[in-house]
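Enquirer: So you can see what is in the structure, the chains are spelled out below.
2 protein chains.
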Amino acid sequence: MDPDFSPLDDLLEAEDADGYLVDDTSHNSTQKYLSGFEAHDPFVTLYTPEKTILLVSALEYGRAKKQSRADEVRRVAEYDYRELVSEHGPAEAKARAHAEFLDEYDVASVLTPERFPLGPADGLRERGVAVEAEESDRVTEIRATKTDEEIEHVRAAQNANEEAMRAAENLIAAADVEDGTLVYEGAPLTSERVKEEIEVTLLRHGCGLDDTIVACGANAADPHDQGSGPLHADEAIIIDIFPRSKETGYHADMTRTFVKGDPSEEIRERFDLTHEALNAALDAVEPGVTGADVHDVVCDRYEEAGYDTLRSNATAETGFIHSTGHGVGLDVHELPRIASNGEELKPGHVITIEPGLYDPSVGGVRIEDIAVVTEDGYENLTSYPVELVV
Amino acid sequence: MDPDFSPLDDLLEAEDADGYLVDDTSHNSTQKYLSGFEAHDPFVTLYTPEKTILLVSALEYGRAKKQSRADEVRRVAEYDYRELVSEHGPAEAKARAHAEFLDEYDVASVLTPERFPLGPADGLRERGVAVEAEESDRVTEIRATKTDEEIEHVRAAQNANEEAMRAAENLIAAADVEDGTLVYEGAPLTSERVKEEIEVTLLRHGCGLDDTIVACGANAADPHDQGSGPLHADEAIIIDIFPRSKETGYHADMTRTFVKGDPSEEIRERFDLTHEALNAALDAVEPGVTGADVHDVVCDRYEEAGYDTLRSNATAETGFIHSTGHGVGLDVHELPRIASNGEELKPGHVITIEPGLYDPSVGGVRIEDIAVVTEDGYENLTSYPVELVV
Chain A
1 MDPDFSPLDD LLEAEDADGY LVDDTSHNST QKYLSGFEAH DPFVTLYTPE KTILLVSALE
61 YGRAKKQSRA DEVRRVAEYD YRELVSEHGP AEAKARAHAE FLDEYDVASV LTPERFPLGP
121 ADGLRERGVA VEAEESDRVT EIRATKTDEE IEHVRAAQNA NEEAMRAAEN LIAAADVEDG
181 TLVYEGAPLT SERVKEEIEV TLLRHGCGLD DTIVACGANA ADPHDQGSGP LHADEAIIID
241 IFPRSKETGY HADMTRTFVK GDPSEEIRER FDLTHEALNA ALDAVEPGVT GADVHDVVCD
301 RYEEAGYDTL RSNATAETGF IHSTGHGVGL DVHELPRIAS NGEELKPGHV ITIEPGLYDP
361 SVGGVRIEDI AVVTEDGYEN LTSYPVELVV
Chain B
1 MDPDFSPLDD LLEAEDADGY LVDDTSHNST QKYLSGFEAH DPFVTLYTPE KTILLVSALE
61 YGRAKKQSRA DEVRRVAEYD YRELVSEHGP AEAKARAHAE FLDEYDVASV LTPERFPLGP
121 ADGLRERGVA VEAEESDRVT EIRATKTDEE IEHVRAAQNA NEEAMRAAEN LIAAADVEDG
181 TLVYEGAPLT SERVKEEIEV TLLRHGCGLD DTIVACGANA ADPHDQGSGP LHADEAIIID
241 IFPRSKETGY HADMTRTFVK GDPSEEIRER FDLTHEALNA ALDAVEPGVT GADVHDVVCD
301 RYEEAGYDTL RSNATAETGF IHSTGHGVGL DVHELPRIAS NGEELKPGHV ITIEPGLYDP
361 SVGGVRIEDI AVVTEDGYEN LTSYPVELVV
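Note that the protein sequences, when read in sequence, are chains A and B.
Going by UniProt numbering, the residue at position 361 of the first sequence is 361; the numbering climbs one at a time, nothing skipped.
Going by UniProt numbering, the residue at position 8 of the second sequence is 8; the numbering climbs one at a time, nothing skipped.
What the hints contain is simulated information worked out from the structure, not anything from laboratory work.
Mixed in with the good hints there might be a few duds.
Just so you know, same-sequence chains aren't split out, so a pair can sit in one copy or run between any two.
The list that follows gives simulated cross-link-like pairs (lysine to any residue, SDA-like), each with its CA atoms no further than 25 Å apart [stated by the list, open to error]:
1) K346 with D300
2) K51 with A99
3) K51 with G36
4) K246 with D210
5) K51 with D16
6) K66 with E192
7) K66 with D211
8) K246 with D222
Input sequences plus hints: build the corresponding full structure.
Expert: Written out as structure tokens, the structure reads:
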């Protein structure tokens, strides 16, 4: 099933533009989404309300014909690209070929993503094509609503994610404690070692990943600290895993907090409160509610318990100091925002809910599930248990 | 030791520009190189002949101060970014903050990489800053010459690469053959399974990677085929591994060709000839020689033996149908080119030499080493043996 591109058609009409142009590799999720094609070198996608056309190198032509969602695939060679390069150099050759390509489809004006490349844009402008970067980032708005197929891709990545979390938890469970430090197979058990276990498990289940967070104690009090060094008993260890399926490109995202040994009463209270905030936020998820509403539920819960939030104190450095969640798809962070500026939730939105509390003197606690908004509420794609003590 | 940025100074002077501006994440190697900083979100680097200044979010400020090679690090918050966003939206807020930032350093005109983002560029132009994408991609030229430290980074990645190649070869060696298909632990040994072994081994040695090629038989006759499905006895299996160190960001690159069982006389001849071509090309590597000269050595060898090359036949689909090699560094493919348009080699260039022969009726054979150009020749960074039969 193809996504609903009508909001893009509306934008083109409102801005009086003939088409939407992307010039990027498929590492750019808007390119991958619009083209339905994966390639490491930049290629061009021209979207018009009538059809989508790809312009690729000869090398990618056969694969693009087979794999992409485009109605037509063209080759730069059809525009005498090699001859143009020898005569004018690669930048001008590209501009000439692209201008001719657009002209063939009667496209004299295009909108582009905000980060469309400047050199090619100026090259087209010099040849009379109107090129305008559009701020609204309409395709990312369209991407927020997932098809059933996309939801299955996220679910598959989340299954791999749970295997990886299990491997991490098992490693921590199997460790001994010596002088307050976790020890495994005769060596201190480090963040790095647990991350390696997570990443190897993900690979074995068809996923890669950019980064993993395994942060312990005071490290974990900074929500952006990736964690390093030996893990300690009786301290909170935050594990946040956000793998990408190598096959589909879709992500999952989940966080758990573990303590090996005996958590302090302070850690336990924060954990229980965070678990309540998670459940309260999930309960609030349904179409028509905004991401801001869901974020407010979490802030309410924390503030009632006496903690700072960024809502109650914009410069807070302890307490709940990030937003409640975000959309997940081809990008690990995408729309909608579950935050003070969060959009209205719609069926098919895939979102995280990830409340957390941070304080250097206590450590960090965060619990994150991933869920899909349904017609009448949500389905939680997470089945991993929420238990503090390993 | 800092790289020699004087060619960039020369360019700025020739083009009468005040600075060189990059707005990208550190996934862009020019950004990583100029800034010496890694961040997943876009940030700004302003290079001037006097100094390099970073403009980052508050979140990255502390880390940028510690880790980057910049002389100064500034925060967008210093330009009332939040207030600007509420008043004008994120795109205009960014343009205003960046324009003010440039003005503070008396920079009224900038050159940028060819793929600088269009929206921010137009935003600066509207505020009177002259912004021009420069075609020569001068920083990639500078990046071609590695410092001793960079060479050590490549060497470390190559060590991990050799461990991964060893793991792959061991897996093929341990397989049985049933009806011509490799079988391991009761299941057909597939390209996918060997890739998994390679990628897990790389992870265990601190490297990630984008892709791996494990291609057998007719698959391997297309140099860009990544390979899939069961591996077969008596057929050539090309394994091409190009990992990236997670710590340093530098790559290595190596290819070997293996046959499990008995290679045909045809495969053996092509393998031996390719090995000779590799050694002849390496022998030709020294400062002052061009990448084109080295490529010619390989073409000579193949053509003398009666094979097509792209030099003798630009549309050849069998024979030696790619270039001889490329630079390796923060990008797995970078300057210099070891190809018909290859640049003059200089001490500190890190290059691959990767001759190969392809024919769907025979399969593919490729052997690739990675080497650094020295004052009087080259040092081969590859120690993995070149042996066909496993």
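Enquirer: Hints first: check each against the structure and report whether it holds.
Expert: Now for the hints, and whether the structure bears them out:
1. K346 with D300: within (23 Å within a copy, 63 Å between copies)
2. K51 with A99: within (18 Å within a copy, 39 Å between copies)
3. K51 with G36: Classified as within: same-chain Cα gap 13 Å, cross-chain 43 Å, threshold 25 Å.
4. K246 with D210: Cα proximity of K246 and D210: in one copy and across copies (12 Å, 10 Å).
5. K51 with D16: So K51 and D16 pass the 25 Å test inside one copy only (17 Å; across, 44 Å).
6. K66 with E192: between (41 Å within a copy, 21 Å between copies)
7. K66 with D211: between (32 Å within a copy, 20 Å between copies)
8. K246 with D222: between (30 Å within a copy, 22 Å between copies)
Taken one by one, the earlier hints all hold for this structure without exception.
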